[in-house]
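Asker: Protein chains in written order, with the numbering used here: chain A, 1 to 111; chain B, 112 to 226.
One or more hints might be untrue.
[Unchecked claim] Taking lysine-lysine pairs in the DSSO-like style, the calculated list, with each CA pair at most 30 Å apart, reads:
(1) A:Lys78 x B:Lys168
(2) A:Lys58 x A:Lys69
(3) A:Lys42 x B:Lys120
No lab work stands behind these hints, which were simulated from the structure alone.
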Amino acid sequence: ILNVEQSPQSLHVQEGDSTNFTCSFPSSNFYALHWYRWETAKSPEALFVMTLNGDEKKKGRISATLNTKEGYSYLYIKGSQPEDSATYLCALSLNTDKLIFGTGTRLQVFP
Amino acid sequence: NAGVTQTPKFQVLKTGQSMTLQCAQDMNHNSMYWYRQDPGMGLRLIYYSASEGTTDKGEVPNGYNVSRLNKREFSLRLESAAPSQTSVYFCASRFTGLAGVWEQYFGPGTRLTVT
């Protein structure tokens with residue numbers, strides 16, 4: 001069974017702090033790497049999809065990088081705000097059909 | 112454009128009862144998925160359907176059956192519910208192609224409790 005690992009499991013930061021977390025995956029099995037944002041009591045929503053080694057994506061204060069050779073992706077949040085509080089999921093595309101999800105990093109931003 | 116819809120939103124079953132969770136999407140996606148979400152376990156794939164008329168097992172298929180009725184609809188059936196099936200169930204859909212670069216769109220979830 002392929003493991004997609006995320007760390008840390010949870011994170012508490014103060015408003016204004018910048019933060020980052022990691023998604024690790026077996027580098028030999030790779031088509032695309034996805035990041036999702038999942039707010040409590042809502043559905044996961046896609047943030048980024050990355051395919052190429054060295055890819056960098058940005059959406060507002062959130063950005064992500066991808067290293068397929070060493071099998072990791074970082075998600076960065078600059079100047080965290082309380083509305084950034086959510087669980088951030090990464091997922092690996094093994095082929096065109098399935099995604100394998102990590103267990104997520106739960107971020108709480110305190111005012 | 113409603114996206115992905117699921118019914119019901121909440122359900123309580125007794126052990127041994129059966130029920131069907133309904134999912135529909137209006138985005139003309141070819142692939143559809145059923146996941147369950149349990150504390151500390153993330154999203155686990157139960158079944159998926161890559162196209163109309165095809166279904167495949169995911170990571171945790173035991174105790175479930177699925178039907179891809181047409182391109183829009185993908186239902187999940189519990190034939191004899193067990194307390195271990197207490198979970199939040201998410202349906203998702205996706206356009207597939209180009210080596211998996213397309214994101215999934217999720218429904219609002221169904222919270223199922225089996226007593």
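Asker: None of the hints should be skipped; say for each whether it holds.
Answerer: Quick rundown of the hints versus the structure:
| no. | hint | verdict |
| --- | --- | --- |
| 1 | A:Lys78 x B:Lys168 | 40 Å, violated |
| 2 | A:Lys58 x A:Lys69 | 21 Å, holds |
| 3 | A:Lys42 x B:Lys120 | 12 Å, holds |
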